[in-house]
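**Q** Spelled out, the chains give:
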Amino acid sequence: MESHRKPYIREVKRSWWLSNRVYTRYMIREGTAVLSLLVSLELLAICLITVIFPDNAQTIIVTMIQHPAIIIFNIIALLAVMFHTVTWFSLMPKAVRVFRSSSPKETRLLPAHFFLISLWLVTIVASAIIALALIFAV
Amino acid sequence: MSTRSNEPPFWGLFGFGGMVIAFAFPALLICMIIAGLSDGHSTFHITEIMSHWWGAAALFLIIFGAAFHGVHRILYSLHDLKFHTTLVHKIILYGLAVCISLAALAALVYNYIQHL
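These protein sequences, in sequence, are chains A and B. Every letter in the first sequence is one number past the one before it in numbering that gives the first Met the number 0, and letter 120, counting from 1, is 119. Every letter in the second sequence is one number past the one before it in numbering that gives the first Met the number 0, and letter 46, counting from 1, is 45.
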């Protein structure tokens with residue numbers, strides 16, 4: 000048996016996400032992953048420098064992060080990562096549904112601001128630990 | 000025959016990495032930018048941190064999480080950009096994350112042993 004129907008498939012251009020600000024924002028959010036991957040490569044490079052140049056690793060790493068290209072990359076990456084953090088936290092209450100109590104009759108979910116406050120508190124504490132560790136080398 | 004999806008573990012790593020990036024990357028990058036714009040030697044003691052077991056472990060988890068988060072999101076964005084993704088794309092991208100993680104693990108463990 001043969002089918003001669005010709006289903007209509009609407010054409011979607013590769014630039015579909017540029018036509019609408021919400022779509023553009025979505026693609027920029029997904030695009031932050033490229034920067035995250037590059038930062039993980041940057042951190043890997045720091046790890047490898049300590050192995051390849053064990054005696055003057057600290058000097059080489061500081062020279063590297065003082066290079067103008069690396070500074071510019073780090074600033075772009077920081078902007079992307081901040082966008083990731085804000086969007087990641089705001090989608091958390093939509094992805095993780097937690098009820099207010101374990102009672103089977105419970106229908107109320109934990110409010111979104113509960114997630115946002117706790118996630119930002121963790122970020123502040125983690126940031127303080129990272130900054131103190133890097134500056135004072137505890 | 001079981002045809003279970005292999006998606007959940009990768010999605011789990013994506014979620015873990017997303018958390019790690021959100022918690023750690025802003026502070027790390029701000030410290031790197033400040034060190035890059037200033038003297039640097041007095042504000043960025045990364046090699047000293049890496050010589051502690053907790054510093055090495057934290058740095059590994061950050062690199063590992065960010066790598067898997069990055070490749071997973073890139074894989075799904077390729078579809079959004081109308082590239083048909085196949086097993087080859089998955090192997091290349093997740094393979095890249097595995098390579099980054101293993102290289103970081105090897106370097107951090109080697110560096111830690113040297114400082115014992």
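I should point out that these hints are in silico values taken from the structure, not numbers from a laboratory. Keep in mind it's a predicted model, so treat the numbers as computed, not measured. Mixed in with the good hints, there may be bad ones.
Here are the simulated lysine-lysine pairs, DSSO-like style, with alpha carbons at most 27 Å apart [to be verified]: (1) B/Lys89 x A/Lys12; (2) B/Lys81 x A/Lys104; (3) A/Lys5 x B/Lys81; (4) A/Lys93 x A/Lys104.
Not close to chain B: a few residues of chain A, all C-beta gaps over 10 Å, as computed [to be verified]: (5) Met26; (6) Glu29; (7) Val33; (8) Val38; (9) Pro103; (10) Arg107; (11) Pro110; (12) His112; (13) Phe113; (14) Ser126.
In this text, a Cβ means the ideal position worked out from N, Cα and C, and glycines have one as well.
**Q** Now tell me, hint by hint, if it's right for this structure.
**A** Each hint tested on the structure:
1. B/Lys89 x A/Lys12: holds (24 Å)
2. B/Lys81 x A/Lys104: Not OK: B/Lys81 and A/Lys104 at ~45 Å, beyond 27 Å, violated.
3. A/Lys5 x B/Lys81: holds (22 Å)
4. A/Lys93 x A/Lys104: Within the cut-off at roughly 21 Å; holds.
5. Met26: Not fine: 7 Å to the nearest Cβ puts A/Met26 too close to chain B.
6. Glu29: Not fine: 4 Å to the nearest Cβ puts A/Glu29 too close to chain B.
7. Val33: violated (6 Å)
8. Val38: The claim breaks: A/Val38 does not keep its Cβ more than 10 Å from every Cβ of chain B (closest is about 6 Å).
9. Pro103: Non-interface label on A/Pro103 holds, nearest chain B Cβ at 26 Å vs cutoff 10 Å.
10. Arg107: holds (25 Å)
11. Pro110: holds (20 Å)
12. His112: holds (17 Å)
13. Phe113: holds (17 Å)
14. Ser126: violated (4 Å)
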